[in-house]
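> This is what each chain is made of:
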Amino acid sequence: MASRKILMVGLVNLILAGWLGTSWVFSSEPPPEGKEESVSVRIYLTEESLPTTDPLSGVWDTVPVSEFNLAPQVHWPDRIQEATVKSVKVRGLHNQEELAILVEYQDPTEDEADAAALEFMVGDSKAHFAHGQEMLQVEGGPVNIWYWKKSDGKAMDMSAKGFKTLRAQDQQDVSATGSWQNGTWKIVFSRPLLTGDEHDAQIIPGNWTSVAFAFWDGNLIEGEVKEKGSQKAISSWWYVRAEPPPDDSIYGYVVLGLVIAVAFELVVARKLRKGKSA
Amino acid sequence: MKGPLLKAGIILACMYVAIKFILPLFTAPLPASLIFLYMMLTFSSIMIFFTMSGESISEFMGPVYRFISGEGQEGIAKTARLLVFLIFPLLVGWQTYTKLAPSDLPPAENRTIHPAPPGEFVGLANPTPDTPDTIAMGQGLYAAFCSPCHGGNYDGKGPAAVGFNPPPANFSDPGTIAQLQESYLFWRIKKGGVGLPVEGMPWKSAMPRWEFELSDEWIWSIIRGEYAGAHQAPRTWEEEEDE
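Sequence order for the protein chains is A and B. For the first sequence, our numbering assigns the number 2 to the initial residue and increments by one for each residue that follows. For the second sequence, our numbering assigns the number -15 to the initial residue and increments by one for each residue that follows.
Some hints here could point you the wrong way.
[Stated by the list, open to error] Straight-line alpha carbon distances no greater than 35 Å define the calculated DSBU-like cross-link-like pairs of lysine-lysine that follow:
hint: 1; chain 1: B; residue 1: Lys175; chain 2: A; residue 2: Lys90
hint: 2; chain 1: A; residue 1: Lys165; chain 2: A; residue 2: Lys187
hint: 3; chain 1: A; residue 1: Lys272; chain 2: B; residue 2: Lys62
hint: 4; chain 1: A; residue 1: Lys87; chain 2: A; residue 2: Lys229
hint: 5; chain 1: A; residue 1: Lys227; chain 2: A; residue 2: Lys150
hint: 6; chain 1: A; residue 1: Lys155; chain 2: A; residue 2: Lys90
hint: 7; chain 1: A; residue 1: Lys150; chain 2: A; residue 2: Lys90
hint: 8; chain 1: B; residue 1: Lys175; chain 2: A; residue 2: Lys162
hint: 9; chain 1: A; residue 1: Lys272; chain 2: B; residue 2: Lys83
hint: 10; chain 1: A; residue 1: Lys87; chain 2: B; residue 2: Lys175
hint: 11; chain 1: A; residue 1: Lys90; chain 2: B; residue 2: Lys83
[Claimed, not checked] Label pairs and their calculated CB-CB ranges:
hint: 12; chain 1: B; residue 1: Ala16; chain 2: A; residue 2: Leu221; range: 57 to 63 Å
hint: 13; chain 1: B; residue 1: Leu18; chain 2: A; residue 2: Leu17; range: 18 to 24 Å
hint: 14; chain 1: A; residue 1: Asn208; chain 2: B; residue 2: Ile6; range: 43 to 49 Å
hint: 15; chain 1: B; residue 1: Ser28; chain 2: A; residue 2: Tyr45; range: 44 to 50 Å
[As the list claims (entries may be wrong)] The following residues of chain A were derived to be distant from chain B, with all beta-carbon distances above 12 Å:
hint: 16; residue: Ser50
hint: 17; residue: Gly59
hint: 18; residue: Thr63
hint: 19; residue: Lys155
hint: 20; residue: Gly184
Simulated from the structure, these hints should not be mistaken for lab results. Glycine included, every Cβ here is placed at the ideal spot set by N, Cα and C.
Input sequences plus hints: build the corresponding full structure.
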């Protein structure tokens, strides 16, 4: 019977409107940003030229910065109770082929033994931030370390899986350029997003992975370099992601949804009118 | 003629006010998802009640059908209908967008703060004597090995603390060592962060694995010193009272 059909259509319409209405009214807010969730490194997508070898490029001033506190390495012997570098500012850019990450930090003196390193987890397995140190209940993976030292003038692509296993990789993919001015080091690390080397962290736009930092102040104290080897400033793991390219197909689906909703309305209204006049 | 529909609207409004504003006066505020659930239940119940017979259906749905079909509408009702017809597709479009849009947020932190210890670290008793000497020794060891992170005041504010995520535990907070047995502390100190199970996210922990540098006896004395210094007591079994 026509009235039964009308009833069903009307009920469906009402329930749909009710669901949409209530879910809109009661939609939950995004989770509050706690200290741990809100600080991460974002490697922004750019269509302009990438400043892969220029830490002083004006382009960096346009990139949003993340800042992280550092700690002296007190986790494992040989410990150091105080380190020069206290915090680091990080900026990242990529052009879907290559990435460039700029680290900026305070260091009162420019020394030959000044050094900086970025550390990444490799693949899907978790790795402890201390060189992929062995974990007792979790099967850990290796880490990929990008190490730059002023006296070398370039970067070294390295791997580690536990203490005393740090070694240079056969395939070198990382470049770095540093510049010290007025008590501030700026070092830009660059590398293709994907390297094809299984020992490397592959940076896939849209995927979150983890990064940690380490810095050495090569200042001489009583004729000796105090910060070397495991004696350095370190950070914990922080999340990092290369921005994915925008997905415009969403808007197509939004328009489709709009069209279907309008058509639905018109059909229901017409059916109800026909039912009435029958 | 709008009687049942109006009643339904009033019931829904009262229900919302009751669970959102009145109930929290007696209990804790309800999470949005629970409020939504209760509202949906109320809505479904209203629908079932008002569609139980042919007469009640037409009484209830009549105004709705007339509103949607637009028959004989004038003035404000016509404008209202147009507004609803406009807003509905916009809502659909908005919902589609929010469901499909990629999230910019990093993964949520679901770390278990106090995961279960391995069996061999359950129920151990502190073998060191509960004396001022042990406490003094423990606090001396604490100052040397633990205070750089956990602070000289046992408050998690040591000079190295600010760089670590998660930060070193604040022992003066009643949510940390006061909630735990000494046996648990012994496990955490001896095996360190790397000894945590996967839900504790061992890869993030800066807690050293002290068994390589400190003897068991030293660790137990540090535990005594730490409780005393933080003015906390360990979680322990209730003592039976003599009748």
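> A separate judgement is required for each hint: does it hold in the structure or not?
Structure-based check of all given hints:
1. Lys175(B) <-> Lys90(A): holds, 33 Å
2. Lys165(A) <-> Lys187(A): Given that 35 Å is the threshold and the Cα spacing comes to 28 Å, the pair holds.
3. Lys272(A) <-> Lys62(B): Satisfied, since the Cα-Cα distance of roughly 18 Å is no more than 35 Å.
4. Lys87(A) <-> Lys229(A): holds, 16 Å
5. Lys227(A) <-> Lys150(A): holds, 15 Å
6. Lys155(A) <-> Lys90(A): Given that 35 Å is the threshold and the Cα spacing comes to 20 Å, the pair holds.
7. Lys150(A) <-> Lys90(A): Roughly 18 Å separates the two Cα atoms, so the pair holds.
8. Lys175(B) <-> Lys162(A): Given pair Lys175(B), Lys162(A) holds - Cα atoms ~19 Å apart, limit 35 Å.
9. Lys272(A) <-> Lys83(B): Roughly 31 Å between the alpha carbons, so the hint for Lys272(A) and Lys83(B) holds.
10. Lys87(A) <-> Lys175(B): holds, 28 Å
11. Lys90(A) <-> Lys83(B): Roughly 34 Å separates the two Cα atoms, so the pair holds.
12. Ala16(B) <-> Leu221(A): 57 to 63 Å: Cβ of Ala16(B) to Cβ of Leu221(A): about 60 Å, so the range 57 to 63 Å holds.
13. Leu18(B) <-> Leu17(A): 18 to 24 Å: Between Leu18(B) and Leu17(A), where Cβ atoms are some 23 Å apart, the hint holds.
14. Asn208(A) <-> Ile6(B): 43 to 49 Å: holds, 46 Å
15. Ser28(B) <-> Tyr45(A): 44 to 50 Å: holds, 47 Å
16. Ser50: holds, 25 Å
17. Gly59: Gly59(A) is indeed farther than 12 Å from all Cβ atoms of chain B, at 26 Å.
18. Thr63: Non-interface label stands for Thr63(A): nearest chain B Cβ at 19 Å, farther than 12 Å.
19. Lys155: holds, 27 Å
20. Gly184: Consistent with the label, Gly184(A) stays out of reach of chain B, its closest Cβ about 20 Å off (over 12 Å).
Of the hints listed earlier, there is not a single one the structure fails to meet.
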